[in-house]
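The lines below spell out each chain.
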Amino acid sequence: MFLDATDLEILRALQKDCRETYGAIGKRLGIAHSTVYDRIRKMEQQKVIQNYTATIDVEKIGMRNITSIMTVYADPKEIERVAEKLAALPEVLEVYTSLSEELLVIAKVSAASQENLHEFIANSVAPLPGVSRIRTSIITKKFKETQFSITNASERLHL
Amino acid sequence: MTLDTGSKILRTVPREKAFYFFTSIGNYTGTSASSLKEFMEKTNEVNVKSLEFHLSRGDFEKWMAEVLQDTELAGEIRRLQKLNLTGNSLRDQLNFTVSRRFKRLTSQPGASRF
Numbered sequence: 001m002f003l004d005a006t007d008l009e010i011l012r013a014l015q016k017d018c019r020e021t022y023g024a025i026g027k028r029l030g031i032a033h034s035t036v037y038d039r040i041r042k043m044e045q046q047k048v049i050q051n052y053t054a055t056i057d058v059e060k061i062g063m064r065n066i067t068s069i070m071t072v073y074a075d076p077k078e079i080e081r082v083a084e085k086l087a088a089l090p091e092v093l094e095v096y097t098s099l100s101e102e103l104l105v106i107a108k109v110s111a112a113s114q115e116n117l118h119e120f121i122a123n124s125v126a127p128l129p130g131v132s133r134i135r136t137s138i139i140t141k142k143f144k145e146t147q148f149s150i151t152n153a154s155e156r157l158h159l
Numbered sequence: 160m161t162l163d164t165g166s167k168i169l170r171t172v173p174r175e176k177a178f179y180f181f182t183s184i185g186n187y188t189g190t191s192a193s194s195l196k197e198f199m200e201k202t203n204e205v206n207v208k209s210l211e212f213h214l215s216r217g218d219f220e221k222w223m224a225e226v227l228q229d230t231e232l233a234g235e236i237r238r239l240q241k242l243n244l245t246g247n248s249l250r251d252q253l254n255f256t257v258s259r260r261f262k263r264l265t266s267q268p269g270a271s272r273f
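Residue numbers (my numbering), protein chains in the order written: chain A, 1 to 159; chain B, 160 to 273.
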């Protein structure tokens, strides 16, 4: 899908606050609210906009939670299957494959406690066919967490 | 102990019931054991930190009791835990305990296939 400068401005506005009204966006961009609506609808249909979510601070709602980064070393023939199996598990928040010195699966995992994390990895990850080793780092402090933002990457857009 | 009980303890369990050796929370060594025989062999080669980690958590006795259903060996390992052994002393004592149990089970008539 080709996006023009107006589409990108609308995306910037939505990434900043997805609850901003069509009217408010249109007024700022100098276009009719119906134009904003039509463009957003088109970008939703084309899956340029995939969803609208709420970012929750789990500590503030009193939920016990630890997050870890798990690196899974696996047989190259099984690596895709391992990644797919991990992606299907609710404890796994993100899954990637990577090629550094070895082919790896990297996953972000959430659990209620260190014991739950260990049980999950021992019972659900280590037994997966092809898994040869696992390294896990528990996150102790978060300094930044954000999604890709077009506001901060305008030089990468070819218009 | 009946021959059936011995056979049950010495059987090979499915991979999801195998013992997976970790050195700390979430850090899997790549070594696993699906039977008592394999467990005995792997305790000789795995990083000794893994033996210390699992013994202190009671993971060995839990696996012996719940998966292999060998409460006698689970009890012997529990007693071993109280000795607070570390390093190669732990490896030697654990291997001695498991090997002795394995020999007792395999010396029963009809158990030679293990």
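Hints are computed from structural coordinates only; laboratory data are not their basis.
Cβ atoms here follow ideal geometry from the backbone N, Cα and C, with glycine treated the same way.
Treat the hints with care, as some may be off.
One-sided excerpt, in silico: chain A residues whose CB lies under 7 Å from chain B [said to hold, decoys possible]:
| # | residue |
| --- | --- |
| 1 | Ser100 |
| 2 | Leu103 |
| 3 | Lys108 |
| 4 | Ala111 |
| 5 | Ser113 |
| 6 | Leu117 |
| 7 | His118 |
| 8 | Ala122 |
| 9 | Pro127 |
| 10 | Arg133 |
| 11 | Ile139 |
| 12 | Thr140 |
Checked hints:
1. Ser100: Violated - the Cβ of serine 100 of chain A stays beyond 7 Å from chain B, reaching only about 18 Å at its closest.
2. Leu103: This interface hint is violated because 15 Å lies over the 7 Å limit.
3. Lys108: Because about 13 Å separates lysine 108 of chain A from the closest Cβ in chain B, which is outside the 7 Å limit, the hint is violated.
4. Ala111: violated, 9 Å
5. Ser113: violated, 10 Å
6. Leu117: Holds, because the Cβ-Cβ distance from leucine 117 of chain A to chain B comes to roughly 6 Å (cut-off 7 Å).
7. His118: holds, 5 Å
8. Ala122: Hint on alanine 122 of chain A: holds, closest Cβ of chain B at ~5 Å, below 7 Å.
9. Pro127: With a closest approach of 5 Å, the proline 127 of chain A hint holds.
10. Arg133: holds, 4 Å
11. Ile139: violated, 12 Å
12. Thr140: violated, 13 Å
Hints 1, 2, 3, 4, 5, 11 and 12 from the earlier list are contradicted by this structure; the remaining hints agree with it.
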